[in-house]
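Residue-level listing of the chains:
There are 2 protein chains.
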Amino acid sequence: MDLDTGIVQHAFDRAVALEPLAPGAAGAPRRFRGHTSADYANMVGPFGGITAAQALQAVMLHPDRLGDPVAFTGNFAAALADGAFTAEAQSVRTNRSTQHWVVTVHQPDAAGQDVVVFTATVITAVRRETWGATDLAMPAAPAVDAMPRLPSNRRVAWFNRYDMRVFEGPLPREWNGAETPGSETGLWVRDEPPRALDFASLTALCDVFYPRIWLRRATFTPIGTITFSVYFHADGASLAACGVDHLLAQARGQRFFNGYFDQSGELWSAGGQLLATTHQLVYFKE
Amino acid sequence: MDLDTGIVQHAFDRAVALEPLAPGAAGAPRRFRGHTSADYANMVGPFGGITAAQALQAVMLHPDRLGDPVAFTGNFAAALADGAFTAEAQSVRTNRSTQHWVVTVHQPDAAGQDVVVFTATVITAVRRETWGATDLAMPAAPAVDAMPRLPSNRRVAWFNRYDMRVFEGPLPREWNGAETPGSETGLWVRDEPPRALDFASLTALCDVFYPRIWLRRATFTPIGTITFSVYFHADGASLAACGVDHLLAQARGQRFFNGYFDQSGELWSAGGQLLATTHQLVYFKE
Numbered sequence: 001m002d003l004d005t006g007i008v009q010h011a012f013d014r015a016v017a018l019e020p021l022a023p024g025a026a027g028a029p030r031r032f033r034g035h036t037s038a039d040y041a042n043m044v045g046p047f048g049g050i051t052a053a054q055a056l057q058a059v060m061l062h063p064d065r066l067g068d069p070v071a072f073t074g075n076f077a078a079a080l081a082d083g084a085f086t087a088e089a090q091s092v093r094t095n096r097s098t099q100h101w102v103v104t105v106h107q108p109d110a111a112g113q114d115v116v117v118f119t120a121t122v123i124t125a126v127r128r129e130t131w132g133a134t135d136l137a138m139p140a141a142p143a144v145d146a147m148p149r150l151p152s153n154r155r156v157a158w159f160n161r162y163d164m165r166v167f168e169g170p171l172p173r174e175w176n177g178a179e180t181p182g183s184e185t186g187l188w189v190r191d192e193p194p195r196a197l198d199f200a201s202l203t204a205l206c207d208v209f210y211p212r213i214w215l216r217r218a219t220f221t222p223i224g225t226i227t228f229s230v231y232f233h234a235d236g237a238s239l240a241a242c243g244v245d246h247l248l249a250q251a252r253g254q255r256f257f258n259g260y261f262d263q264s265g266e267l268w269s270a271g272g273q274l275l276a277t278t279h280q281l282v283y284f285k286e
Numbered sequence: 001m002d003l004d005t006g007i008v009q010h011a012f013d014r015a016v017a018l019e020p021l022a023p024g025a026a027g028a029p030r031r032f033r034g035h036t037s038a039d040y041a042n043m044v045g046p047f048g049g050i051t052a053a054q055a056l057q058a059v060m061l062h063p064d065r066l067g068d069p070v071a072f073t074g075n076f077a078a079a080l081a082d083g084a085f086t087a088e089a090q091s092v093r094t095n096r097s098t099q100h101w102v103v104t105v106h107q108p109d110a111a112g113q114d115v116v117v118f119t120a121t122v123i124t125a126v127r128r129e130t131w132g133a134t135d136l137a138m139p140a141a142p143a144v145d146a147m148p149r150l151p152s153n154r155r156v157a158w159f160n161r162y163d164m165r166v167f168e169g170p171l172p173r174e175w176n177g178a179e180t181p182g183s184e185t186g187l188w189v190r191d192e193p194p195r196a197l198d199f200a201s202l203t204a205l206c207d208v209f210y211p212r213i214w215l216r217r218a219t220f221t222p223i224g225t226i227t228f229s230v231y232f233h234a235d236g237a238s239l240a241a242c243g244v245d246h247l248l249a250q251a252r253g254q255r256f257f258n259g260y261f262d263q264s265g266e267l268w269s270a271g272g273q274l275l276a277t278t279h280q281l282v283y284f285k286e
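Chains A and B are the protein sequences, given in the same order. Here the first sequence is numbered in this note's numbering, starting from 1 and rising by one per residue. Here the second sequence is numbered in this note's numbering, starting from 1 and rising by one per residue.
Since the hints were made in silico from the structure, they are not lab data. Idealized CB from N, CA, C, for every residue including glycine. Honestly, I wouldn't trust all of these hints.
[Claimed, not checked] To spell it out: a stretch of chain B is covered by chain A in this simulated footprint if at least three of its residues, at any positions, have a beta carbon under 8 Å from a beta carbon of chain A; those stretches are: (1) 11-25; (2) 74-80; (3) 87-95; (4) 104-116; (5) 123-133; (6) 251-260.
[Stated by the list, open to error] Here are a few chain B residues that sit away from chain A, every Cβ distance over 10 Å (derived from the structure): (7) R33; (8) L61; (9) A71; (10) L136; (11) P151; (12) N153; (13) N160; (14) G182; (15) E192; (16) A196; (17) R216; (18) A270; (19) L274; (20) L281.
Assemble the whole structure, with the sequences as input and the hints as a guide.
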């Protein structure tokens, strides 16, 4: 709680808060200090979506940023250790309406040596109004209020930071190794407590799907996302219009082959706007 | 032609040939010199697929590479000028079975200053044999031999480096502005002349789809891919098994919004293996 205002900061805002470090030479990467968040802890290390949001935030906070994010790709090079990290954001190219960023997240290793734990490339752009169309149909789903919220989870903190109402492809009830023919999950989801949607929170929301291989095989398989992309089909006004409403999120695997599977998904506003398409490649250990 | 052997090098091999420059300090990026290829020229600058393949090749040629590519994301920061470029490949993290790479492609600008024209992140991995499954169905398509090859194109050199047989969503015959309801294209495609498939050529093949907005609107709209990802669902043996066969390639747009649209696609072997899934975000100028 802020003692002056009485306002309690949302856990997401605390998690993505970055402290600017002293700027280096002109053109050098801008460095920020952040911390992993116990609120968004996963079984081991942080929820991947929050790490991605923190990396995006280093671009959002950069004083030279041009426009809003249109594409984000983050690569999970190593499990983050609980504690502080340094995020470096560098604009490597600025065009008339687009800007290309490279982000690198570092932590000290066991020997105290700074090592890379996450890399990202981000493209920001100033959009102009143009013709538009959506070629995907929004999936049919029951009304949000007609569905129960998933119960809280004592072992996985980040899970409790979201209100999730799964209407398709829930987590298997029994780990009985029964293969299902598909790997699609659909859910309504928003931050819990509610928080107005922005680019950072939308990025994290794109990673809320539990591992497709768990659904496919009803087997608890250790996994780790290795690369994760978000294409934003929204501007600030589109996100503001969503407010604190639930989003409709859907994702599926396409191929599982020799230790890796991919996942493709979409996030829709309650009003039927396709806000983001998202893709990831996930390592699994059989 | 090699005067000793009488073997004519394939245009693709000439295009992705990189010359290693003197190594720097230990841990510094490895630098390679390459050239844009007139054989793969686009209307303006090079075919994006060949630029991506050249960037991947800087990782493939790196002496420290661990395993085969599993994921590639390239970002088109600027139009490449015809001529030489420098590709820097740096392994930023090596784990037990995976390795993370950052690639940066530079060219001198008009003032002779070295500037970034392309960035990429690549993940390579040593795969182990595991359970596997493909959740997508291979699209139905006429037999390769039952279809005519697209005629050659005098204005777009790279187009003639591929044998393409489109069975769905061909380039509009008339630019009459008639909107079609979908934006899917399906084709059989291979290198022309035939060349045994490898990771570099598969990467380039993932970018052979003409811009989805041209199909959707039957309007000649200037476009440029800004980010492009390939997830490889294949190892060296899977690619070798394809030999010089055509691949079945299919792609579609999902949303077109204020200057950008996305594209998702799949490349299948003739034998029905899903070799790669691919995604891109494309700028369009209305």
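Hints, verified against the model:
no.	hint	result
1	11-25	violated (count 0)
2	74-80	holds (count 3)
3	87-95	holds (count 3)
4	104-116	holds (count 3)
5	123-133	holds (count 9)
6	251-260	holds (count 9)
7	R33	holds, 20 Å
8	L61	holds, 21 Å
9	A71	violated, 5 Å
10	L136	violated, 5 Å
11	P151	holds, 28 Å
12	N153	holds, 27 Å
13	N160	holds, 30 Å
14	G182	violated, 6 Å
15	E192	holds, 27 Å
16	A196	holds, 20 Å
17	R216	violated, 7 Å
18	A270	holds, 17 Å
19	L274	violated, 5 Å
20	L281	violated, 5 Å
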